[in-house]
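2 protein chains.
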Amino acid sequence: MKLSQRAREIQESPIRKLSATANSAKARGVNVYHLNIGQPDIPTPEAFFEGIRRYAEPVLAYGPSDGLPELRRTMVNYFARFGITLTPDQVIITTGGSEAVAFAVNAVTDPGDEVIIPEPFYTNYNGYSSLSGVRIVPVTTAAESGYHLPDPAQIESLITPKTRAVMICSPNNPTGTVFTEKEIRSLGDLVKKHDLFLIADEVYKEFTYEGTRHFSILELDDLEDRVIVLDSISKRYSACGARIGAVMCRNPEIMGAIMKFAQARLCPPTLEQVGAIAAYGLPKDYFDSIRKEYQDRRDILVETLTSNPDVLLHKPEGAFYVMATLPVDDSDTFARWMLESFDQNHETVMMAPGAGFYSTAGKGKNEVRLAYVLESPKLRRACEILLEGVRQYNNKS
Amino acid sequence: MKLSQRAREIQESPIRKLSATANSAKARGVNVYHLNIGQPDIPTPEAFFEGIRRYAEPVLAYGPSDGLPELRRTMVNYFARFGITLTPDQVIITTGGSEAVAFAVNAVTDPGDEVIIPEPFYTNYNGYSSLSGVRIVPVTTAAESGYHLPDPAQIESLITPKTRAVMICSPNNPTGTVFTEKEIRSLGDLVKKHDLFLIADEVYKEFTYEGTRHFSILELDDLEDRVIVLDSISKRYSACGARIGAVMCRNPEIMGAIMKFAQARLCPPTLEQVGAIAAYGLPKDYFDSIRKEYQDRRDILVETLTSNPDVLLHKPEGAFYVMATLPVDDSDTFARWMLESFDQNHETVMMAPGAGFYSTAGKGKNEVRLAYVLESPKLRRACEILLEGVRQYNNKS
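Chains as they are written, first to last, in our numbering: chain F, 7 to 403; chain W, 7 to 403.
Worth double-checking, as some hints may not be accurate.
Copies of the same chain are indistinguishable here, so a pair counts whether it falls within one copy or spans any two.
Cross-link-like lysine-lysine pairs, in silico, DSBU-like; alpha carbons within 35 Å at most [said to hold, decoys possible]:
#, residue 1, residue 2
1, Lys-199, Lys-188
2, Lys-32, Lys-168
3, Lys-8, Lys-369
4, Lys-32, Lys-384
5, Lys-369, Lys-384
6, Lys-371, Lys-23
7, Lys-8, Lys-384
8, Lys-168, Lys-8
9, Lys-8, Lys-199
10, Lys-290, Lys-371
11, Lys-23, Lys-168
12, Lys-371, Lys-298
13, Lys-199, Lys-298
14, Lys-384, Lys-402
15, Lys-198, Lys-23
16, Lys-371, Lys-32
17, Lys-188, Lys-8
18, Lys-384, Lys-298
19, Lys-8, Lys-198
If you're looking for bench data, these hints aren't it; they were derived computationally from the structure.
Construct all of the structure, not just a fragment, from the sequences and the given hints.
Quick look at the structure:
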């Protein structure tokens, strides 16, 4: 009687694994600034909650496996705002973006297959790949080139007979990089040439700064049958606890497969779908003030952290994360030390150690991912504490 | 560019696969009685909705991966009512019972491993086993012996070096059978002797009739480290659309593994957990009238259907399903015909063909699963229509 190998091998979330340590710090009376997790502090729109409060069915019944028809139609209208044409049967609602990733990966890969992903990447992709038996083949990107993609030939050199897909996240978690239309088009050419799928996690599409345009893989002509987009309302409407995501694809065979996966878990949560329908009814300019708020925070974070010339970071073009290279020997040890052994006036900072965002061993050892999801004064204070932590950590005996 | 093998192999839900056909019937103006799906018509307790309406946090944030602490404590109290002692860290909240199944199976099996399950079994187990690469080894049970377990030696003969667990569902979906304390104890002896896990889906535990006692595998002494229980509020509180389940286990290593799986999907939906906390506050006698209602329906269904002596069924001891053997050549064809080509005064019945509940090829071909989740007059009418359908189906040229 023993644990399965997959249970032993699946990594603990680097974003959440220090939670117990953070709770101990809080129990000692230390205020912990959470820069570790992409949990926005922007209020969830009142329309979302109002929609749910108005729900008047006597029985909270199973919904359709592919989601409430009204939500699927609403999402079609949402994509139309971006000039992207979809039909409701090209949208399946999932239990969070997490499930959208799992469904897409399972639809196109079998155990032992490979998916090429630029690293650093959203750490939970490691979890899905362990569970689905798929090997992530990383394309390493670097702060120096803004975490943008290397030459297509370099990506092409990673393709093997086992490669099934290239998967990206844009705007990127954890780097904040927004891949350009040119980059996306060259990935399109690549997957077409090698008969692969192209999967994109586009949950941060509203959050781009200084007019940067997000180019969706759904805008690629002539690739309709091999493009799969993963989506979620978690960040868009500050509703992470809702667990409402979606997968969009114009290939009916893929959607048929995903529908079977969806049936196996019956349906996504009903009430939050009702809330999501209401939230999608908000006007497009709802995002204007939020985008400005995040851009201001990004600027404060970059300005404060780079006041230490030994901190290296690429100013993000989107999302609300930054990968910061810190002058510490081991960001894992450092992040734990910040919670266990450090405070400044009873305050400290929680961050996500960088190594968990890479699959290449040894990478990310002096990086951390920071989420700028606190209002500006708190964020500035958190960054100052972080810098003081770096100083004391390096001076300790 | 092709679908994965797992996508091609995963079965379409036999409970839901006729949905499009049923929708066509409805579009023709035919009233369809749904006996195909375990969707209770009992109202969701008002306390559940009230709990959610009272939610006043400004941000619907990520919750803990293992669920809201208050819900975990509430469930500990719930189990205490049955004399079952648990601690909150022996409870992890899942997104529906579906996810509880997936977590438990993934924690104890790797691809190629085997799990022994009495058949007929809850059809979605097939979906999980496809996705996790696990082979279901069926122990066939039969109406003649009330779908109770065969001799332990017969189960033992199915154990191979690849066997990792025995999994049961009691009260059973789809048979309504409640395994006796003696049956459960002999399974306990078996898993101990062969160093296996024992997994039980006990989501229908409140619904047993004529005083039948449900014996939980959590009551087995001396097996604490190898017993895993799967649970859900879907049927208990008529809240199928909530997607709130749980997994209970006293083995910390198993719970550590499940926590890592839980982190990979971040958290279960928050609002429905809030609703569940409120629902669990209802007194134990909340179930008395519901139990009586289901027992009455069971009696009506059994009485009406067995008025045709060629219909064979075992009177269920629990849950709200029955496997009925019908005098038809192929229940799949028959179920589809009932929706496509039959109506009586513009009414027909949808049922779940039996084959999908078996993994032994050829089994269940003249069985259907019926859920008695309609109020008595409708249920009686549905059963009469079903019998008339059988008559006309067999008389057609």
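How the hints compare with the structure:
no. : hint              : result
1   : Lys-199 - Lys-188 : within (16 Å within a copy, 62 Å between copies)
2   : Lys-32 - Lys-168  : neither (47 Å within a copy, 46 Å between copies)
3   : Lys-8 - Lys-369   : both (32 Å within a copy, 33 Å between copies)
4   : Lys-32 - Lys-384  : within (17 Å within a copy, 57 Å between copies)
5   : Lys-369 - Lys-384 : within (30 Å within a copy, 64 Å between copies)
6   : Lys-371 - Lys-23  : within (16 Å within a copy, 49 Å between copies)
7   : Lys-8 - Lys-384   : neither (46 Å within a copy, 49 Å between copies)
8   : Lys-168 - Lys-8   : both (31 Å within a copy, 12 Å between copies)
9   : Lys-8 - Lys-199   : between (45 Å within a copy, 15 Å between copies)
10  : Lys-290 - Lys-371 : neither (40 Å within a copy, 54 Å between copies)
11  : Lys-23 - Lys-168  : both (32 Å within a copy, 32 Å between copies)
12  : Lys-371 - Lys-298 : within (32 Å within a copy, 62 Å between copies)
13  : Lys-199 - Lys-298 : neither (40 Å within a copy, 64 Å between copies)
14  : Lys-384 - Lys-402 : within (26 Å within a copy, 76 Å between copies)
15  : Lys-198 - Lys-23  : between (39 Å within a copy, 33 Å between copies)
16  : Lys-371 - Lys-32  : within (26 Å within a copy, 60 Å between copies)
17  : Lys-188 - Lys-8   : between (49 Å within a copy, 26 Å between copies)
18  : Lys-384 - Lys-298 : within (17 Å within a copy, 57 Å between copies)
19  : Lys-8 - Lys-198   : between (44 Å within a copy, 13 Å between copies)
Violated hints, listed in ascending order, are 2, 7, 10, 13; each of the other numbered hints is respected by the structure.
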